[in-house]
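One line per chain: the protein sequences are B and V, in this order.
Following numbering that gives the first Met the number 0, the numbering of the first sequence begins with 0 at its first residue and continues without gaps.
Following numbering that gives the first Met the number 0, the numbering of the second sequence begins with 0 at its first residue and continues without gaps.
Calculated from the structure, these hints are not laboratory results.
Everything numeric in this text was worked out from a predicted model, so none of it was measured.
Where a beta carbon is used, it is the ideal one built from N, C-alpha and C, also for glycine.
Please note: incorrect hints may appear among the correct ones.
[Said to hold, decoys possible] Only part of the chain V face toward chain B is listed, based on derived beta-carbon distances under 10 Å:
1. Leu3
2. Leu12
3. Phe17
4. Leu20
5. Phe157
6. Val161
7. Ser165
8. Ile170
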Amino acid sequence: MLFNSLNFLLFFPVVTALYYLVPHRFRWPLLLLASCIFYMAYIPIYILILAATILIDYFAALLIDKSEGRAKKIWLNISILSTVAILFVFKYFNFFNDNIDAIAKLLDWNYSKVILRLALPIGLSFHTFQSLSYVIEVYRGNQKPERNFGIYALYVMFYPQLVAGPIERPQNLLWQFHKEHTFSIQQVSSGLFRMMWGFFKKIVIADRLSIYVGMVYDHPGKDNGITVILATIFFTFQIYCDFSGYSDIALGAAEVMGIKLMRNFNRPFASKNISEFWQRFHISLSSWFYDYIFNPIVAAWRRWDSVAIVLGLMITFLISGIWHGAGWTFVTYGFVNGLGISLLFITARFRKKLFGKIPAKLINPVNILLNFEFVCFTYVFFRAKSIHDSMILLSSMMHGFNLKMPFNSQIATIEDLVIILVMVPLMLLFEKLYDDNPFFNICKEKPLIIQWATAWIGLFIIFNFGAFTDAHSFIYFKF
Amino acid sequence: MNKLFRTLFFVILTVVLFYGLDSVYTYIIKRDNFDKVWWMAKIENKNYDFALIGASRVYAMVQTDTLENRWHKKGIDIALDGSNIMEQYLILKKFYSNHNTVKDLFVELDVINMGYKMNSDFRVWCFLPFIKDDESVYLELGENFDQRRVFCWKYVPFYRYVDFNSKLGPITILNAFMKFQKPPYTKTGDWQGKMLRSINNENKNPDLPKKTAFMIVAKVQYDYLEKIMKLCDDNGTKVHLYTPPFYYNRFKVCRNFNEILHDYIYPICTKHHADYRSFCEMDIAHNPAYFEDYLHINYFGLPFLTDSLVHSYNLDKHIAINHYPDTLAAK
Numbered sequence: 000m001l002f003n004s005l006n007f008l009l010f011f012p013v014v015t016a017l018y019y020l021v022p023h024r025f026r027w028p029l030l031l032l033a034s035c036i037f038y039m040a041y042i043p044i045y046i047l048i049l050a051a052t053i054l055i056d057y058f059a060a061l062l063i064d065k066s067e068g069r070a071k072k073i074w075l076n077i078s079i080l081s082t083v084a085i086l087f088v089f090k091y092f093n094f095f096n097d098n099i100d101a102i103a104k105l106l107d108w109n110y111s112k113v114i115l116r117l118a119l120p121i122g123l124s125f126h127t128f129q130s131l132s133y134v135i136e137v138y139r140g141n142q143k144p145e146r147n148f149g150i151y152a153l154y155v156m157f158y159p160q161l162v163a164g165p166i167e168r169p170q171n172l173l174w175q176f177h178k179e180h181t182f183s184i185q186q187v188s189s190g191l192f193r194m195m196w197g198f199f200k201k202i203v204i205a206d207r208l209s210i211y212v213g214m215v216y217d218h219p220g221k222d223n224g225i226t227v228i229l230a231t232i233f234f235t236f237q238i239y240c241d242f243s244g245y246s247d248i249a250l251g252a253a254e255v256m257g258i259k260l261m262r263n264f265n266r267p268f269a270s271k272n273i274s275e276f277w278q279r280f281h282i283s284l285s286s287w288f289y290d291y292i293f294n295p296i297v298a299a300w301r302r303w304d305s306v307a308i309v310l311g312l313m314i315t316f317l318i319s320g321i322w323h324g325a326g327w328t329f330v331t332y333g334f335v336n337g338l339g340i341s342l343l344f345i346t347a348r349f350r351k352k353l354f355g356k357i358p359a360k361l362i363n364p365v366n367i368l369l370n371f372e373f374v375c376f377t378y379v380f381f382r383a384k385s386i387h388d389s390m391i392l393l394s395s396m397m398h399g400f401n402l403k404m405p406f407n408s409q410i411a412t413i414e415d416l417v418i419i420l421v422m423v424p425l426m427l428l429f430e431k432l433y434d435d436n437p438f439f440n441i442c443k444e445k446p447l448i449i450q451w452a453t454a455w456i457g458l459f460i461i462f463n464f465g466a467f468t469d470a471h472s473f474i475y476f477k478f
Numbered sequence: 000m001n002k003l004f005r006t007l008f009f010v011i012l013t014v015v016l017f018y019g020l021d022s023v024y025t026y027i028i029k030r031d032n033f034d035k036v037w038w039m040a041k042i043e044n045k046n047y048d049f050a051l052i053g054a055s056r057v058y059a060m061v062q063t064d065t066l067e068n069r070w071h072k073k074g075i076d077i078a079l080d081g082s083n084i085m086e087q088y089l090i091l092k093k094f095y096s097n098h099n100t101v102k103d104l105f106v107e108l109d110v111i112n113m114g115y116k117m118n119s120d121f122r123v124w125c126f127l128p129f130i131k132d133d134e135s136v137y138l139e140l141g142e143n144f145d146q147r148r149v150f151c152w153k154y155v156p157f158y159r160y161v162d163f164n165s166k167l168g169p170i171t172i173l174n175a176f177m178k179f180q181k182p183p184y185t186k187t188g189d190w191q192g193k194m195l196r197s198i199n200n201e202n203k204n205p206d207l208p209k210k211t212a213f214m215i216v217a218k219v220q221y222d223y224l225e226k227i228m229k230l231c232d233d234n235g236t237k238v239h240l241y242t243p244p245f246y247y248n249r250f251k252v253c254r255n256f257n258e259i260l261h262d263y264i265y266p267i268c269t270k271h272h273a274d275y276r277s278f279c280e281m282d283i284a285h286n287p288a289y290f291e292d293y294l295h296i297n298y299f300g301l302p303f304l305t306d307s308l309v310h311s312y313n314l315d316k317h318i319a320i321n322h323y324p325d326t327l328a329a330k
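Sequences and hints are given; from them, build the entire structure.
Here is the structure:
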């Protein structure tokens, strides 16, 4: 079910109303049922895949808790391998097979390629990681295993964050399902305002930017120079508004029910380098990789000092790249990011020596701008359909600098461009001034009429300037 | 409790506010003529000798004023570019419900027109300002679109303007006051205007491949054709179905064309005493110089099609003159 669909417009108030109407002991079954309905709106049968992951990790966690020493590790490995195997079959099997086939052809081997014609279950990477996080935390002794199967299932399936995160940790989420949440107008209005901000970013900005980006990126080589550069910048904002918009809606929907999910974005475009960017962008995934991939690698190879860190970074970002999608474009995306952070780490002392004495007020804007350019560059690989396409797009950026070209009506209407050029800076400004819940922070503790006026203005902007013609899916749903 | 009542008050106020916005938008949009449907809705109590209905292949390809001069008859172009046959039926219904009359109606019929999906968002927005006060609009849309969506268009205040805000949004409202786009509609359609882009005889796609298989005929399209015929019968209008040329005679490309003619079009024509004529065999169909693209003839092709229409129909006797093999002329 899409958040920006008519179905959700009915689903959300009904579930929320029922949630507060039923006694506490019926709330988790209600949320679990609602989450099943939410998930089954895509391909109903795929709920079985989710059920398999839940069953494996539920019992694995109990066995890990009971076991000691080697047995404990074996149960952890069984759990990780089986959960990752499901992910591999559905997401990576064909990619892996294509590459084996290509190598076989190159070496003249006789290899019969098998193609699995399976649609990718929505949000598979997200709930797989959330489930893995649970068993690893139980293994590390940071989390007691959840005895109530239903509540554990809800931890994996909680509908606001089921298909695109934030990837929660059991320490943050599980206990909240046990706690009784009372209705609070303040909390509900904060949640609703946060959802509204998410819808604003998704419908008004991301979906409108997608029109321009699609026209350019779906036909590589057709446009050049400033048009492709502008489309790349637009895509950088599109992906931020699309994904952070989703996260805001998820956080808001959970907050309405009194459940606090972790913050997933923190003004990433204010980052002064790529390392800081990844601490502000998709925080739940970055911290997942930091805790469960990077740290163990560095700890295992710690005698190698800096080499261990660089290797850790490269491996982590390559996995992060492939986590996003089964394709060489995503591998390259991860590789470029890893390379960027590694270079930052290697040159840290040298840069400090060279630029250390320049006042922060002067150097920070330059760093922010350079980092933004780097981020835009990495997104060329993310958005292009193939490495070949990304090369065409990158080379197209090098020529054709006619300022009239981006305003070609075949790419976007003048209304689209005006809305984009007004709304994107407005969004950045509001997030700087009012943090992650601008609509709420503008009017909280103000008279009720001001609060409602803010809501009306917000709705008016979304309703009038949103791109509603087709309900666009969220980019991260396919991961 | 006090807080709850205040919240409830503001919820109700929000609904009232959106209801007000809905009414203001409807009033402003209906007042102006920025879309042909809105322009058409204001034509009342007029009598015409002939009218032309269809999509862009009428709107941009027939010179109604030349037809008027040559036939010495009063005519009107009620075609809507990009429309499907259900939308054309709605236009015609509106035309009759406004107490207009017409003696001969030329219905453009082709694989494009008849192949359009009935639930396309492409043109439906221009009917939404009428969905509340015209029950037929609500019913027809309800039959072809997602019923929940149509319900919301009618009953959820301002929803229709939100759903199509790029067409019925603030730009349209601003336009109503600032008039930066002039209403282009006249009773002779728009053949001289913006629809005909390649007035400089520049065919952009002269070598289009001939591979397009246009349509799988769905019964629903023919149901609407039948409804149009029935409406005309009820209002004493004689119907003439015709197909203007495609570049390279594309209509013939459709493999099941002959079956369509025999299974659907001829029986409908016989039932409603209508005639059918195909202009696909015209000489210009093989000359790219007369085409804007493979669907639309250009400025230079226009006089040829107009001429063919003039010579093919005798409006005084309401008949088609039989010239072509693909023709079912009224006996």
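To see whether the hints hold, each was checked on the structure:
Given the 10 Å rule on beta carbons, the hint for Leu3(V) holds: about 8 Å separates it from the nearest Cβ of chain B. The interface hint given for Leu12(V) is met, as the beta carbon of that residue sits about 7 Å from the closest beta carbon of chain B, less than 10 Å. Hint status for Phe17(V) relative to chain B: holds, with the closest Cβ pair at about 8 Å, below 10 Å. For Leu20(V), the suggested interface contact is upheld, since its CB lies about 8 Å from the closest CB of chain B, less than 10 Å.
With a cut of 10 Å, the hint placing Phe157(V) at the interface with chain B holds, because the nearest CB-to-CB distance is about 7 Å. Interface hint status for Val161(V): upheld, as the beta-carbon distance to the closest one in chain B is roughly 4 Å, under 10 Å. Annotation: interface hint on Ser165(V) holds; nearest CB of chain B at approximately 6 Å, less than 10 Å. A hinted interface residue such as Ile170(V) counts as satisfied when its beta carbon comes closer than 10 Å to some beta carbon of chain B; here the least separation is about 6 Å, so the hint holds.
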